[in-house]
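**Student:** Protein chains in written order, with the working numbering: chain Y, 19 to 280; chain P, 19 to 280; chain X, 319 to 625; chain U, 58 to 351; chain A, 208 to 495.
If you're looking for bench data, these hints aren't it; they were derived computationally from the structure.
Heads up, incomplete: computed chain P residues facing chain Y, CB under 10 Å, no partners named:
| # | residue |
| --- | --- |
| 1 | Ala44 |
| 2 | Gln107 |
| 3 | Ala109 |
| 4 | Arg166 |
If you want the footprint, here are the derived chain A segments under chain Y, 3+ residues with CB under 8 Å:
| # | region |
| --- | --- |
| 5 | 381-390 |
| 6 | 403-412 |
Positions of the beta carbon are idealized from the N, C-alpha and C atoms, including for glycine.
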Amino acid sequence: MTAPFSVVSAKDLCLTFQTGDGPVHALSNVDLEVKKGDFVSFIGPSGCGKTTFLRVIADLEKHTSGTITVNGMTPENARKDRSYGYVFQAAALYPWRTIEKNIALPLEIMGFSKEEQKKRVEQTLELVNLTGFGKKFPWQLSGGMQQRASIARALAFDADLLLMDEPFGALDEIVRDHLNSELLKLWDRTDKTICFVTHSIPEAVYLSTKIVVMSPRPGRVTDIIESTLPRERPLEIRETPEFLAIAHRVREGLKAGHSYEE
Amino acid sequence: MTAPFSVVSAKDLCLTFQTGDGPVHALSNVDLEVKKGDFVSFIGPSGCGKTTFLRVIADLEKHTSGTITVNGMTPENARKDRSYGYVFQAAALYPWRTIEKNIALPLEIMGFSKEEQKKRVEQTLELVNLTGFGKKFPWQLSGGMQQRASIARALAFDADLLLMDEPFGALDEIVRDHLNSELLKLWDRTDKTICFVTHSIPEAVYLSTKIVVMSPRPGRVTDIIESTLPRERPLEIRETPEFLAIAHRVREGLKAGHSYEE
Amino acid sequence: AEKVTLQLKWVTQAQFAGYYVAKDKGFYEEEGLDVEIKPGGPDIAPPQVLAGGGADVIVDWMPSALATREKGVPLVNIAQPFKASGMMLTCLKETGITKPEDFKGKTLGVWFFGNEYPFLSWMAHLGIKTDGGADGVTVLKQGFNVDPLLQKQAACISTMTYNEYWQVIDAGIKAEDLVTFKYEDEGVATLEDGLYVLEDSLKDAAFKDKMVKFVRASMKGWKWAEENPDDAAEIVLENDASGAQTEVHQKRMMGEVAKLTAGSNGALDMADYERTVKTLLGGGSDPVITKEPVGAYTLDITNEALK
Amino acid sequence: MTSPSLLRDRILPILTVVFAILIVWHVFVVYLNAPFVRDQAARAGEEITFSQVVERTFAQERPVLPAPHQIFAELWDTTVNKAVTSKRSLVYHAWITLSTTLLGFVIGTVLGILLAVGIVHNRAMDRSLMPWVIASQTIPILAIAPMVIVVLNSVGISGILPKALISTYLSFFPIVVGMVKGLRSPDTILLDLMHTYHASPSQTFWKLRWPASMPYLFTSLKVAIAISLLGAIVAELPTGAVAGLGARLLSGSYYGQTIQIWAALFMAAGLAAVLVTLVGIAHSRVLARMGVKP
Amino acid sequence: MNGYLVFALVFWLSAWGLNEWLVRRTFKDRTVRRVVNTAVPLIFGITLLVIWECLVHGFDIPSILLPAPSMIWARLTSSVPTLWADFQQTFLKSVLTGYALGCGLGFAVAILVDRSPFLQKGLLPIGNFVSALPMVGVAPIMVMWFGFDWQSKVAVVVIMTFFPMLVNTVQGLSAASHMERDLMRTYAASWWQTLVKLRLPAAWPFIFNALKINSTLALIGAIVAEFFGTPIVGMGFRISTEVGRSNVDMVWAEIAVAALAGSIFYGLVALAERWVTFWHPSVRGGQA
Ligand SMILES: Nc1ncnc2c1ncn2[C@@H]1O[C@H](COP(=O)(O)OP(=O)(O)OP(=O)(O)O)[C@@H](O)[C@H]1O
Ligand SMILES: Nc1ncnc2c1ncn2[C@@H]1O[C@H](COP(=O)(O)OP(=O)(O)OP(=O)(O)O)[C@@H](O)[C@H]1O
Ligand SMILES: Cc1ncc(C[n+]2csc(CCO)c2C)c(N)n1
Ligand SMILES: [Mg+2]
Ligand SMILES: [Mg+2]
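Produce the entire structure from the sequences given, and follow the hints as far as they go.
**Tutor:** Pasting the structure below:
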């Protein structure tokens, strides 16, 4: 592969929601460049527009002005190309399907063979540590288990771009660490591009090659931090001064953007 | 007030779900004593039965064996007494009500006067930093904002016992810190009893007088840690060796309970 | 004024002109009666209305009245304004039917709802089965109109001389393209529109008196209608709330109905009664009535009324 | 995105569909009416060409299927050319049917909702009533309607009410079925929330079950109002078919006036379309007030 | 005569009490629970019949108006062949065929309308137009077009069942939540895939409502259609004929058959509903 090619490229992106009591400026003048193989974390206060931005990339929301390309195309074409896998902030599992069947859903739609489906479902169930729960229905699972099922569903079809909206929010530290390193391994192995929303500063720093700090209303990008950490990241890296320096910068960025002072 | 009186007292509590493919043992032989004024955190891997335990306290689930009393009564009578406020893991806002109206819902039901409702709605909106969003409908809010609205709803009617299931899961660190200290202040001021599910070890240690560590399938209590931290807790307490020691013990407890080794 | 409720057998049309005339011309009022005329319809069974107390007196055909009487609702004929039967089978000539024997193997349209008795009796007399076999006839429950004949879904259909027959003609089929079999001509005529009340109510002298007045005024209406058919038809039209009746049709109907009422002064003709009963009893394996009816008529009312 | 336009978004599609229907209709006019035309010609011993056949099929007095223009001429004649108070005016008859329909619909809706509420809240009612509500619907109403009318008459109820009650009898059922489902549709977690407040059944009903059932209610209302109209028309038969669209249909049918039948049918259909549309508008109003995401 | 009425009252009150007691108790044993669950409506029904019987005798209601259940039962058992023939004609031929076609058509049009916004704007108003084509007017026309036999009844049933299905399917197809749809969008799922895998499953609760409503509507339609022309067999034919003949017991025997058949039909639909929409809160909550 030659010079890393731009997967997401937003310029001057704005999005305003028209609501009953006036417009809400969810994104304003967002400029961002995500290169192939990047692991980009989005961090910012609640309601600052992280989800909205991911939804614009995914062609689930139309921007009001500015330009954005995904894989060099319009978001719509990228979507039609099945360029990405999306993990929603809420699990969004279909209640009439078992967990297994929920994970198989994208595979069915994209026309994978029956055996392939079975294989991948098993693999991803294993990956998110839900083996044995495949035959259960969503309402029979705990919140965290549902979230893991929805991660499995997005991973199953192996898209090159992953859009993950707080995928590990409802998980305990141990599972979270485990999934973090699994995700890193996956990313490293397959050269995926990942856009990752999180509220955990350590998580963002640990995972990312680039951290986007956003501030709220109107959602702006206040800082973009290129990580200087190596690609290979053992868990212990979290104690290094380099790591802590980046974390500090992120925290400062976050605080600056916050509307109320402590 | 005399000797702290027992708010939640579970003895040998078991709960088994009957599902299509066999029984799921969600809780087994849980013994726990929560005293008036306690701040109890529940921590444990995803799917270990934390939500289930809270639901049993709240009389939303019937235990299969063992005994449990809430405020000295059966959970049912305690519920009928409106003894607790419950924050669900998912926001569970009513989609046809504005945020304001959602927060006013318990107040309407409990027969608060119109002015009192208005006052409390405003107060709690302010508390969770959602002032100005009262007139919006839930789908017009971000995930974290919805979660805060649901916290506001549970706080609005000022119950003596709060059952909170990962209330701050979808919030960024800054907001989380803010709400943590607000919650502590509230707890300190009003002598409430709080049962709090969280995945964050620092949060658990920072907030609690007692930390319950659970292990999964069947959900058991593996460790109960009485906090030695003072009641007055500035944010800086999180750097003290005492704090770190407790956190370490929690982490060890968690790891022990975990099914897979890293 | 004394109230009387009359339940008709069918919708408002010249078939019931006498009653409308009597009401319109004030003949009932003269007798001190306040008469309410209730139109019937496709699923109104006048005996049921009578039994339910919805009417004091009803218009019904004798076969149905006698059959109902056997079922335990004691209907009594108190007057018989219609002397002759207007029912017939109308066939398309092109079917090749020229005599009743030709019916075999054909499809015939018949009215049910208690109106099938004359037909069934006739077929029994002819020895023709009605169960659809090759040597019998296939019977259709005919709807309200003459479409089955026009659409050639049936070889013959039931018609009344005063109504459906003319609809066939109006539809553009010429009389010479049709063959008709009048029940009257076939010797199986049964009595049609008569006035019936419940036996029990006749025990009450006041009621009897009321009926005397009612029959007297009604017959006056009928005679007026016979003499002034066009005016009578106009009166019927005025009373038709559906606004669907046409003047041409009602005037023609009145003309034909007048022919059927002409021979009657209201009193039941015993010969006609005997013939009707005989026809109905002779219904082969499944006769309409199984035994000679007793007390199914009274002449008291008409005797009194026509004094 | 282009701005919405009444012509393009509303009128044009309807016109297209209507146009397509008209074409098919005309074809069928010829197809269905031709046999009779041919027979007539044969009876008259006349040779006729196809174009003559076509011409005559469009001008038959008693067509199997009237041509649209015949129906519209009749409609025009009986609506515009007659005073609305005249019994020859279709507007007059439509009004009679409409008033029955609306009364029956209102009673049916109230009854249906009450039954659904009972069934959802009371286990005994759920277990024992529902099967009999269902059985009641399998009784062919036209068969017992005359008895009902007689009985009601004998207890002094007459006029519009008996007819409306028959209409009610048919229309309450879709409401019951829809509302039982609708009132039970709220998610477990939303019910749990009410449970934690120890809300009374009536609070749970008004604050949760009722709003949650709105999509079901309005769908049922659409079906129910259509069935109310059907019931009102059917109910006109056992009440003597004196007036109303049912009476028009019946007498049209009895006197073989196919065109009159079709005119009345069109009137009934038009009425139904208007009523259903009105319910639809009410639905979207309510949805908007409930802040549903567009 | 008042003995009857007193008995009716006493019977009613005690049966009611019994039922309340039965539904309030929870039975551990599964079979006992099942027995109780069927006993409750049965007791209710028997109560109705007993009250009916007593009222008829108590008030001396003429049988031509309302026959007593015992009389209907006698007629029912003595006319099995006729009833069976009528049942075949009306239920097995007209109702089932018409139901399948009508529901199928309503469903198909709803799908079509959903597929094309143009058709949605054009066809839906027309769909409203045919929502209440009165059987009184339609039945004679159908007899004219499709003949006297069951085919014309099928046509009437199709017309009656079409609209409830159309409305419910259209509404049901919009029942899937926004997020569920967004998920399908992210897969760039085709319209068909979205339909089959998301929108239909989400629509089933509504579709089943239509199927339930139609199960009884079809029966009414077929029976009433037979009032307007039919060969001399069929439940509607029998009912209209026997009313005219004052054989009201036979009328009620047919009605009883209709009620039984209709209830079983409905019951089967409801059973299928539980099976298909097991995930819906209304079913998961334990009762459908
Ligand atoms: N459909 C909508 N209509 C109107 N306003 C909306 C809509 N969706 C989001 N918003 C508003 O846009 C802003 C950004 O929302 P978004 O969901 O992107 O936040 P977020 O960064 O994901 O927050 P969180 O961390 O809480 O999930 C919020 O203020 C929210 O109220
Ligand atoms: N309704 C149910 N039916 C069957 N099994 C259930 C049901 N609810 C929960 N469970 C099972 O019970 C176990 C405990 O679930 P619970 O929701 O209490 O977990 P949790 O500790 O809250 O997890 P999380 O942190 O992921 O929310 C899980 O294994 C889950 O699959
Ligand atoms: C369903 C049905 N069809 C026909 C008639 C017949 N009918 C009643 S009065 C009368 C005289 C003609 O106008 C006739 C033929 C009926 N009663 N019910
Ligand atoms: Mg978000
Ligand atoms: Mg949980």
